[in-house]
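K.L.:
Since the structure of chain A is already known, use the hints to place chains B, C and D on it.
Chains as they are written, first to last, in the working numbering: chain A, 1 to 207; chain B, 1 to 207; chain C, 1 to 207; chain D, 1 to 207.
You may find that some hints are simply not true.
You can't tell identical chains apart in this list, so a pair holds if it fits in one copy or across any two.
What the hints assert, rightly or not - Here are the simulated DSSO-like cross-link-like pairs (lysine-lysine), alpha carbons at most 27 Å apart as the crow flies:
(1) K152 with K124
(2) K76 with K152
(3) K76 with K124
Hint data in this document are derived by calculation from the structure and do not stem from the laboratory.
Please read all numbers here as calculations on a predicted model, not as lab measurements.
4 protein chains.
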Amino acid sequence: MKTAESTKTYTELADAAREFYRRGWVFGTSGNFSMLASREPIRITITASGLDKGRLDDTSFLEIDADSNILAGSGKPSAETQIHQTIYRRLPNVGSVLHTHSVWGTLLSEDRGAIEIEGYEMLKGLAGVTTHEHTERVPVIENTQDYTALSKDIETLLADTSIHGFYLRRHGLYTWGETVAEARRHVEIFEFLFEVLGRSSGRPDSP
Amino acid sequence: MKTAESTKTYTELADAAREFYRRGWVFGTSGNFSMLASREPIRITITASGLDKGRLDDTSFLEIDADSNILAGSGKPSAETQIHQTIYRRLPNVGSVLHTHSVWGTLLSEDRGAIEIEGYEMLKGLAGVTTHEHTERVPVIENTQDYTALSKDIETLLADTSIHGFYLRRHGLYTWGETVAEARRHVEIFEFLFEVLGRSSGRPDSP
Amino acid sequence: MKTAESTKTYTELADAAREFYRRGWVFGTSGNFSMLASREPIRITITASGLDKGRLDDTSFLEIDADSNILAGSGKPSAETQIHQTIYRRLPNVGSVLHTHSVWGTLLSEDRGAIEIEGYEMLKGLAGVTTHEHTERVPVIENTQDYTALSKDIETLLADTSIHGFYLRRHGLYTWGETVAEARRHVEIFEFLFEVLGRSSGRPDSP
Amino acid sequence: MKTAESTKTYTELADAAREFYRRGWVFGTSGNFSMLASREPIRITITASGLDKGRLDDTSFLEIDADSNILAGSGKPSAETQIHQTIYRRLPNVGSVLHTHSVWGTLLSEDRGAIEIEGYEMLKGLAGVTTHEHTERVPVIENTQDYTALSKDIETLLADTSIHGFYLRRHGLYTWGETVAEARRHVEIFEFLFEVLGRSSGRPDSP
Chain A
1 MKTAESTKTY
11 TELADAAREF
21 YRRGWVFGTS
31 GNFSMLASRE
41 PIRITITASG
51 LDKGRLDDTS
61 FLEIDADSNI
71 LAGSGKPSAE
81 TQIHQTIYRR
91 LPNVGSVLHT
101 HSVWGTLLSE
111 DRGAIEIEGY
121 EMLKGLAGVT
131 THEHTERVPV
141 IENTQDYTAL
151 SKDIETLLAD
161 TSIHGFYLRR
171 HGLYTWGETV
181 AEARRHVEIF
191 EFLFEVLGRS
201 SGRPDSP
Chain B
1 MKTAESTKTY
11 TELADAAREF
21 YRRGWVFGTS
31 GNFSMLASRE
41 PIRITITASG
51 LDKGRLDDTS
61 FLEIDADSNI
71 LAGSGKPSAE
81 TQIHQTIYRR
91 LPNVGSVLHT
101 HSVWGTLLSE
111 DRGAIEIEGY
121 EMLKGLAGVT
131 THEHTERVPV
141 IENTQDYTAL
151 SKDIETLLAD
161 TSIHGFYLRR
171 HGLYTWGETV
181 AEARRHVEIF
191 EFLFEVLGRS
201 SGRPDSP
Chain C
1 MKTAESTKTY
11 TELADAAREF
21 YRRGWVFGTS
31 GNFSMLASRE
41 PIRITITASG
51 LDKGRLDDTS
61 FLEIDADSNI
71 LAGSGKPSAE
81 TQIHQTIYRR
91 LPNVGSVLHT
101 HSVWGTLLSE
111 DRGAIEIEGY
121 EMLKGLAGVT
131 THEHTERVPV
141 IENTQDYTAL
151 SKDIETLLAD
161 TSIHGFYLRR
171 HGLYTWGETV
181 AEARRHVEIF
191 EFLFEVLGRS
201 SGRPDSP
Chain D
1 MKTAESTKTY
11 TELADAAREF
21 YRRGWVFGTS
31 GNFSMLASRE
41 PIRITITASG
51 LDKGRLDDTS
61 FLEIDADSNI
71 LAGSGKPSAE
81 TQIHQTIYRR
91 LPNVGSVLHT
101 HSVWGTLLSE
111 DRGAIEIEGY
121 EMLKGLAGVT
131 THEHTERVPV
141 IENTQDYTAL
151 SKDIETLLAD
161 TSIHGFYLRR
171 HGLYTWGETV
181 AEARRHVEIF
191 EFLFEVLGRS
201 SGRPDSP
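Next comes chain A alone, as it looks inside the complex (with noise of 0.2 Å):
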């Protein structure tokens, strides 16, 4: 399993992992990030259920097939796994998922049906998108522990491909990309906007 490439996969994933628990978006054993390996058929690399993310090497890593059966690495999958081989399944141009939980975006995620952001530069940091006078619509989901049922809303939502992540209410951010680097790129774009949400929304001269 390890090969140069694997290793390749496993720092860049482990970096970015290691930069989210400095910023306090992957506390404890929150969050999960994977990415393809291959797609036909698929095989992705996953984190081990139960790590603290911040701490996480070459041993961390599982690879899956798509019915989540364990073909290299140790450990078991998180039950999140499932939201993954959905999002993978579904768009196929993803190379890389990544999950997620920050302060703000929880506070986002408390009464909203979804969060929209809309008139700032930092909107451009997502794929595709080549001006701030655009409206990002980041729907919420319930949250639940029926992950089967979760990913089948899940898989409904992801027909509407103008989304570059979705939120669990009260639970974590999804996010993805064509390659690590890039669904990197918009947990750290989200993760700024939300702030900036949250900050405006709390001021006295809020709607």
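P.N.:
Below, chains B, C and D without anything else, positioned relative to chain A:
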């Protein structure tokens, strides 16, 4: 005292302390950290009093018995050692106790009898919690410099084995776990949720 | 291109970028950084477009002439290169231009024609300011994707030589200095004061 | 000048400065740091003027006498050196003086005659304070560029030997200790408590 095993302990406790210091949760000489070296008879590895918690090394720890007599190491145990003793004595599965001081925790402890946290996925980072549909109650105890009286109150409090920590008002958090890693995870989970709760209650539309 | 002198330049710009990334001021691929390599004729060392600003090295920079033709390096200049050109052309003493995106700056730029900062000692960190009894005016310009038009507006704006920077609304800060160190100091001073101002205006007793 | 002892001093001061910079308490060239090299006669090791405080090394310090004549090192003493001199002269047990600029301190100093802090365990981090049932008063002095006049005001202020620091309005904190470690601890304690106080007073239910 420097067997391979005890060195491992020091390293884990010192790593946690360094990370907590970086995040601003153990400024100055605040906080203290311990781990059970043996249960029969009780032997505890604990930070010596008065040290800067961001710069601990293997000379920063004492080994003490159930009466806080020093078995190894130099320096003296902190006055709060009694609280650690009480927790180890009362909770037979606890292997590590961590005590931190954070801004958000301090703020939340100002005027509540307990900090109640409900409905967040992050709660699943607490040992034994398997769903976000959980209410975690962190009792808030009046702060005092009489640690003997305080230890008795804590002894009573610990009859409720559903809790994962308690807060000394305007002082700091005590939490624990079977291992240092679990206790550290509990600190991170509580701090995340304290910030979420603190930022929520500061908002104009909060109840 | 890798003379000892140009390497020094890269290092200073890359160090500044890394530090700004750590602070959350250049998330994703946002921000860009430049330094004057020569004034007669104008030659500018500038970050290539689309790079992650937290991980720049000496392959991340281009050398361009006054018409933005590439003289050395690979990649293409960012669309915002025109703004850098305008600043160097218009202000004969400027040796470095830095552009960042921060949460507090973004918030302050929402609905003001200018960000006015007055009475703080920290203002003395701006070149030529010798007392806290100073009012610094940071003009806020409407954001646009038409960088040619924008550059003309900026050219007009720079007739006021008392300013040390300007803000593109909901986008980011442009500031400059005789050296990279001075420009970097200006970023830090502005970010500090933006946070002070942002936190002040969010308080119930603010005007 | 580079004896083993003086190198130790530089290292401690430079470490403190680097950590304060990381936390955003000495942005730009703000702040200055000193330590008593000898009391009879007075010799002070102090940061030279105009340096970036996050990147100090052993060339960044001057040794001066009681009249601020330079005995060793290059560069010139900061204008605020007089304040350090006053503190060392007036308080015979002080071995180190640290001056920082933080967002929360700046905000609290806006409109108070003194910052009063009461009832927090963290107060015990201040030398001589043994209980949380303590009121610490941090006098706020008007900021001025006339450091000679200011030093006289500070001389008067220091007649109250119960204080551990004072604040120049909209400028920054001065605190001290018998050693660099104690002075550094005081900075951390004050900054923690300033943030607690600042976040409390911003809340809708604050008095």
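K.L.:
Next step is simple, just say for each hint if it's right about the structure.
P.N.:
Results of checking the hints against the structure:
In this assembly of identical chains, the alpha carbons of K152 and K124 lie at most 27 Å apart only when taken from different copies (23 Å versus 30 Å within one copy). In this assembly of identical chains, the alpha carbons of K76 and K152 lie at most 27 Å apart only when taken from the same copy (22 Å versus 43 Å across copies). For a Cα distance limit of 27 Å, the shortest separation of K76 from K124 across copies, 17 Å, qualifies, whereas the shortest one inside one copy, 37 Å, does not.
In terms of the numbered hints stated before, the structure departs from none.
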